[in-house]
Amino acid sequence: MVSATATVQRRSWYKRNEIATTPWLFLLPGILFFSVYVVIPIFQSVWISFHEWDGLGEMTWVGLGNYERLLTDDRKFDTSFWNNVRWLILYLLAIPAGLFIALFLNQTVRGIRLYKSMFFFPFVLSQVVVGLVFSWFYLPREGLLNAMLALVGLGPVNILGDPTLATYGIIAAGLWPQTAYCMILYLTGLNAVDPEQIEAGRLDGAKGFKMLWYVILPQLKPATFIAFVVTIIGALRSFDLISVMTNGGPFGSTRVLSFYMFEESLSEFGFRMGYGAAIAVVLFFLMLGFIVYFLYSMWREEKGAR
Amino acid sequence: MNRTLKASVLGLAGLGLLTSTALAELTGDLRIISDMSNPSPRAVMESLAAEFGEMHPDLNIELEIVDREAWKTQIRNALSANPPDVINWYAANRMLPYVNAGLFEDITDMWDDGSLTGLDAVRGAMTIDGRQWGVPYTYYQWGVYYREDIFNELGLSEPTTFEEEIANCQVILDSGRKCYAIGTKFLWTAGGWFDYLNMRTNGFDHHMALAQGELSWTEDEGVRETFANWRRLIDMGAFVDDHQSYSWQEALTFFTDGDATAYLMGNFAVAPMRDAGLSDDQIDFYQFPVITEGLPQGEDAPTDTFHIPSGAQNKEAARAFLQFVTSPDVQTRINNGDNLGQLPVNANSSVDADEFLEQGFEMLSQNAQGGVAQFFDRDFPAEMASVGMEGLQEFMVFPDNLDDILERLEDARQRIYQ
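Respectively, the protein sequence lines represent chains Z and A. Heads up: the first sequence is residues 1 to 306, going by this note's numbering. Heads up: the second sequence is residues 1 to 418, going by this note's numbering.
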């Protein structure tokens, strides 16, 4: 009896609270890094955005001044914002395009693996390489695009040099790898389509588009959701292509918010940290909107599954 | 050539021995961070460090060479955390943020006490608030590089006035070529054109007043005249098409292929022109022509510099290094055609026997009474420069947007220079 109580006392604090603390111990490294690299910087950015600061000297408090300028009379911000919207909408074309290619490739013929990998190839390339390839493709005098247009008798266009076309030119370049990504997602999704349901659909007389719309697509819903998420995120991360292809030009017409933020705060002529941080905060809230939506739909999905 | 180089190294080492006996012996570490990362500047920097090390055997020199573009943003970290003893940077307004933040050592005493003789001409570029914050080590002229062979073929001669320039250009256009190669993708090349047109139309002082935010972009008549002059060239079709899609290097092919006959550029463009197979008989140089009669000519001559961070550990050695770099013999050697291929900053140095360096040196020493500017992106504050160059590029493509562009620049001016 005595010895039993002794062993109970000898058990360490950790042993006694093992069930409660172990999960936290496993989470600790993650929480630590997530807060140091993500959560704390978010609050710091918000704090910096209320100041004027060149990154070296004293920070001067300007309150909401940066936001006031940003939202009332900054044409660069307007251009960047609307370019972001263009990216978000047009980039979604990658989803139907990816679905179409996936349906096309979802067959068993000789060498299909080779064709699949060739369609997937652009996604493996670095965005910088994609940007370079497309900027050569668009070159005004010697580019392949103009050579092709000349064959059908159309005049030369300088897509990346024309402020009304440049953004669309870059989006087209971005769609190339993004379509491949969506295609791969749908190809794996198609593997999981239940053949019995297709059989049943066929017995009920579903064919072609109706079969796709009412039988296949509902089963591809998880793949569509993921494709949607990665495409939205991809559209908001369009920085590399813009930087490589036009460097924000001509005369700033292809800027997006992330590029503008970089220019203001970290580029050669930048170091207006407060203003850059204000742009970052606006971009953060835009992204937050999407993230909340994604989390909400995932939560709803899980609840429905239970 | 190798032998002469060795001989000069030996000679310098000898000279070093002579001077070092006069100085107190330097000890400790000397940490240098340099942005001279292109092949020949890199060799120059390495040889400078090696020679300085030979002169001061007790001094341990640590040289770190950083990519030139990366350095433009890395300098901030380098200066604030554990700063080295010597760094590279640029003259004029580019120094301002670091001077204001107290990160550059004030070395006015060196300029005053005669340690830096022969540098009076470049002192202005190193001055902020009446004090000096570093030393220059090289600079280069800007001007019009042109295809001598095509000019000869068309019977043209170097123009000295804007009217002659335009008359020449008309002949060139009639021959199916463009007058000027330019690539404005990275904007700054348009800044060069504005610098020259404005300095020639309104004078150096007007240009500097504009750079310092004292003149209005929309109200000032002179600014409008500058753009009107520029527009004459644009309306003629003098510049290559689609220049907004090319970098300056890509636009160089117009020049080397003979599709464009002239290039307003810095002297650094000569090396790639030669590499592309043009001989010195095919290229020549002239000073940007006079627009308004009687105005003393101002020139762009960007200057690269050395500075001592205020947090440096071994300032004594750093000062000795700055003095060494700017001394006449070192200046002569590092700027010659085999090394940097630019102009020495010391008036007692000699210029290498190179067609372009000689012309540039003569131009800057005899025919730049207006003054020497650094360049659009170094004379204007950073934010004004970036807004401005973007506007200049837009003007070159859509000259009709001028009013809108000037309004934008004026808005920026009122915000930036408060």
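It should be emphasised that the hints constitute simulated quantities derived from the structure, not laboratory data. Backbone N, C-alpha and C fix where the C-beta goes; we use that ideal spot for every residue, glycine too. Wrong hints could be hidden among the right ones.
If you want a taste of the chain Z side facing chain A, the calculated C-beta under 10 Å gives, among others [as the list claims (entries may be wrong)]:
#: 1; residue: R110
#: 2; residue: G111
#: 3; residue: L154
In silico contact screen, one side only, chain A against chain Z (beta carbon under 7 Å); selected entries [said to hold, decoys possible]:
#: 4; residue: P97
#: 5; residue: A101
#: 6; residue: R224
#: 7; residue: D242
#: 8; residue: Q244
#: 9; residue: Q297
#: 10; residue: A382
#: 11; residue: A385
#: 12; residue: S386
#: 13; residue: E390
#: 14; residue: Q393
#: 15; residue: E394
The hints, checked one at a time:
Restraint check, R110/Z versus chain A: the minimum CB separation of about 44 Å is more than 10 Å; hint violated. Taking 10 Å as the C-beta contact cut-off toward chain A, the hint placing G111/Z at the interface is violated, the least distance being around 40 Å. A cut of 10 Å between beta carbons decides the hint on L154/Z: the least distance to chain A is about 16 Å, and the hint is violated. Look at P97/A: its Cβ gets to within about 6 Å of chain Z, closer than 7 Å, so that hint holds up.
Interface restraint check for A101/A: the shortest CB-CB distance to chain Z comes to about 4 Å, inside 7 Å, so the restraint holds. Taking 7 Å as the C-beta contact cut-off toward chain Z, the hint placing R224/A at the interface is violated, the least distance being around 20 Å. Taken as an interface hint, D242/A checks out: its beta carbon lies about 4 Å from the nearest beta carbon of chain Z, inside 7 Å. Checking Q244/A against chain Z: minimum C-beta separation of about 4 Å stays under 7 Å; hint holds.
Because the beta carbon of Q297/A sits about 28 Å from the nearest beta carbon in chain Z, more than 7 Å, this interface hint is broken. With a least beta-carbon distance of about 4 Å to chain Z, the hint placing A382/A at the interface is held under the 7 Å criterion. With a cut of 7 Å, the hint placing A385/A at the interface with chain Z holds, because the nearest CB-to-CB distance is about 6 Å. Annotation: S386/A was flagged as interfacial toward chain Z, and the flag holds, the nearest CB pair being 4 Å apart, inside 7 Å.
Of the supplied interface hints, the one on E390/A holds, with its beta-carbon coming within about 5 Å of a beta-carbon of chain Z, less than 7 Å. Evaluation of the Q393/A hint against chain Z yields a held restraint, the C-beta minimum of about 5 Å falling below 7 Å. Taken as an interface hint, E394/A checks out: its beta carbon lies about 4 Å from the nearest beta carbon of chain Z, inside 7 Å.
Hints 1, 2, 3, 6, 9 from the earlier list are contradicted by this structure; the remaining hints agree with it.
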